[in-house]
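K.L.:
Let the hints inform the model, and build the full structure from the sequences given.
2 protein chains.
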Amino acid sequence: MKNRNWILSNRPQGAIKSGDFTREDRDMPVPGNGEVLVRVLYLAMDPAIRGFMNASGNYAAPLPLGAPVRGVMLGQIIRTGPGAELSEGQFVWGFGTWSDYVVAPASQFYVVEADADSDLASFTHVRGTIGLTAYYGLLDVGDFKSGDTVLVSGASGAVGSLVGQIAKIKGASRVVGISGGTAKCQRAVDDYGYDFCIDYRSGSDLNTQLDTILPEGIDLLFENVGGSLFEASLNHLARNARIAICGMISRYNASNDQPGPSNLWNLVVKTAQVRGFLVSSILGDRARTQAMLKSINEWISEGRLKYDIDIREGFEAIPDVYNCLFTGAHKGRLIVKVADPVR
Amino acid sequence: MKNRNWILSNRPQGAIKSGDFTREDRDMPVPGNGEVLVRVLYLAMDPAIRGFMNASGNYAAPLPLGAPVRGVMLGQIIRTGPGAELSEGQFVWGFGTWSDYVVAPASQFYVVEADADSDLASFTHVRGTIGLTAYYGLLDVGDFKSGDTVLVSGASGAVGSLVGQIAKIKGASRVVGISGGTAKCQRAVDDYGYDFCIDYRSGSDLNTQLDTILPEGIDLLFENVGGSLFEASLNHLARNARIAICGMISRYNASNDQPGPSNLWNLVVKTAQVRGFLVSSILGDRARTQAMLKSINEWISEGRLKYDIDIREGFEAIPDVYNCLFTGAHKGRLIVKVADPVR
Chain A
12 MKNRNWILSN RPQGAIKSGD FTREDRDMPV PGNGEVLVRV LYLAMDPAIR GFMNASGNYA
72 APLPLGAPVR GVMLGQIIRT GPGAELSEGQ FVWGFGTWSD YVVAPASQFY VVEADADSDL
132 ASFTHVRGTI GLTAYYGLLD VGDFKSGDTV LVSGASGAVG SLVGQIAKIK GASRVVGISG
192 GTAKCQRAVD DYGYDFCIDY RSGSDLNTQL DTILPEGIDL LFENVGGSLF EASLNHLARN
252 ARIAICGMIS RYNASNDQPG PSNLWNLVVK TAQVRGFLVS SILGDRARTQ AMLKSINEWI
312 SEGRLKYDID IREGFEAIPD VYNCLFTGAH KGRLIVKVAD PVR
Chain B
12 MKNRNWILSN RPQGAIKSGD FTREDRDMPV PGNGEVLVRV LYLAMDPAIR GFMNASGNYA
72 APLPLGAPVR GVMLGQIIRT GPGAELSEGQ FVWGFGTWSD YVVAPASQFY VVEADADSDL
132 ASFTHVRGTI GLTAYYGLLD VGDFKSGDTV LVSGASGAVG SLVGQIAKIK GASRVVGISG
192 GTAKCQRAVD DYGYDFCIDY RSGSDLNTQL DTILPEGIDL LFENVGGSLF EASLNHLARN
252 ARIAICGMIS RYNASNDQPG PSNLWNLVVK TAQVRGFLVS SILGDRARTQ AMLKSINEWI
312 SEGRLKYDID IREGFEAIPD VYNCLFTGAH KGRLIVKVAD PVR
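Line by line, the protein sequences are chains A and B. Straight run, no breaks: the first sequence in our numbering ends on number 354. Straight run, no breaks: the second sequence in our numbering ends on number 354.
These aren't lab readings, by the way, just hints derived from the structure by calculation. Here the structure is a predicted model, which means the values were calculated and not measured. Hints should not be assumed to be uniformly reliable.
Because identical chains share one entry, a pair is satisfied inside a single copy or across any pair of copies.
[Unchecked claim] Mimicking DSS-like on lysine-lysine, the simulated pairs with C-alpha atoms at most 30 Å apart in a straight line are:
#	residue 1	residue 2
1	Lys-281	Lys-305
2	Lys-156	Lys-281
3	Lys-305	Lys-156
4	Lys-281	Lys-181
5	Lys-181	Lys-13
6	Lys-281	Lys-348
7	Lys-179	Lys-156
8	Lys-156	Lys-181
9	Lys-181	Lys-348
10	Lys-317	Lys-179
P.N.:
As structure tokens, then:
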């Protein structure tokens, strides 16, 4: 029995090309002391993975050439090594690799309350890091206050689709999204609770639109994109505005540094604050993350929090599916299903 | 008796030129209801004034063409209008104009505990907005913690010279400045409590120097300058770093927007925060500002807080003196003495 892997064989320059990954079948790994063998069921296609592929890494160390690509997964424990504090059959999420099986210390995984009939893919999304990112970023990092006007870039993306809804649930006075294309903007309004969504591809001037739609300015900006959208938003901050910077997907593929916003002076003029954040900062606090997930589960069961998962099938398709992240050819959180759970 | 004024006759493009101001003698103003007539004794040459001269203003409205230039002053009440809650002879600071006399509502001035023998110029500096800016920006906005490593750009400038000393008084583990030229750097270390000062004009690579001098990274960045210095500093943040943006003097004279820092991604990677601030945000809280000034006065009397004021003489010299701000030909806070107090 072999373990298939997608290996990083070449550091991509700009967009990912087919030759950047190589399939390699290796021996089945065996869990050592404190380790577990996990069967990979679902792999999340995250923008951050693109950063791991660069020689400089991003918030995590760069992926070595010749190593399987890393990413968030939902898996099932198949075998446990001596002293590993997890049990066979349990479902877990955490960092895995683009492989059929993963061996890693039990301590790096989070057990989820699920069985083979649960919506397992949702643990790589709204019930996992994406849901926590939206919740933590908006309410804690962004210091959300009821009555805030909220602007969210990447409004129809995985995180943005949840941020808009949570802002409405928590009493935002106006929630505006920015997204690319009429279909995505429509979805932001119809499905994800946005009062309005600006199509940045429409050719209309973004500053003019923001002036019209948010004449009182932005109290809270949830920034997923960076680049020129971020720069325009900085021109429309309300006094004491708060900005939570979640990621800057528009820059993940940039080979060279692009110029940053030339108008940071607005932070002084508006006495505004910017906070960068990583969801990993709170994952160690189990009580807090459990409380957040409890709220999220309640909102889902009450029908107030919708989520879309775009599940693609099959190990072989992973590199092609990953590229969809940057071309925009997906609806909601992009996931690859690698295997069915063991019953 | 005439009142001399320096009038903005032309909006400067880039550096200030002699034709941008015109001297105009006007009739002595008379205080109306609730107003006071103030004799201008000292005028502070602030970088922010350069922003008022632009058509777009900065945090304050743009100065109209034909109006006297605005700026912080220390003055003395000469006459009071009906109902004005100030007394003749009192010393006050607040916004005035580049004039011999100013009439304005009494409510816009702050009374200082001083007499004609006091160090009156210090109320436009360490005992006024500059001292409060350093205190508030470092301790409150920057959320200073004992043991922090602190980096201050514009270290030998008016604000920066105080920030370094306050950081040491409050228990910073290491205080590093950035300044331009060996003389200024020497002063930052000899007079203003800096452990080290980087000369950005030395030609050495700033990133390399920061790596060497702050290998553990910057816990708190007090940013006075912006531009390429700010960008380099962003590459050296410690985890959970805090940045207080006080001003960006390197951009005041820029006719066109310069590109901003291309590496804001570091804010995410280091889960750092940036806060822009204006000292005006706290001036309304008299109890708090009085408490801050009390600490400042104690530190001065204990010999722990030094300040340098570069006083130039004479109303006629104001435009030339103002230009010194940007050419660097001054030592410490740049002030013009317009008149002696009335005894």
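K.L.:
Run through the hints listed earlier and report the numbers of any the structure violates, in increasing order.
P.N.:
Result: hints 5, 6 and 9 break, sorted rising.
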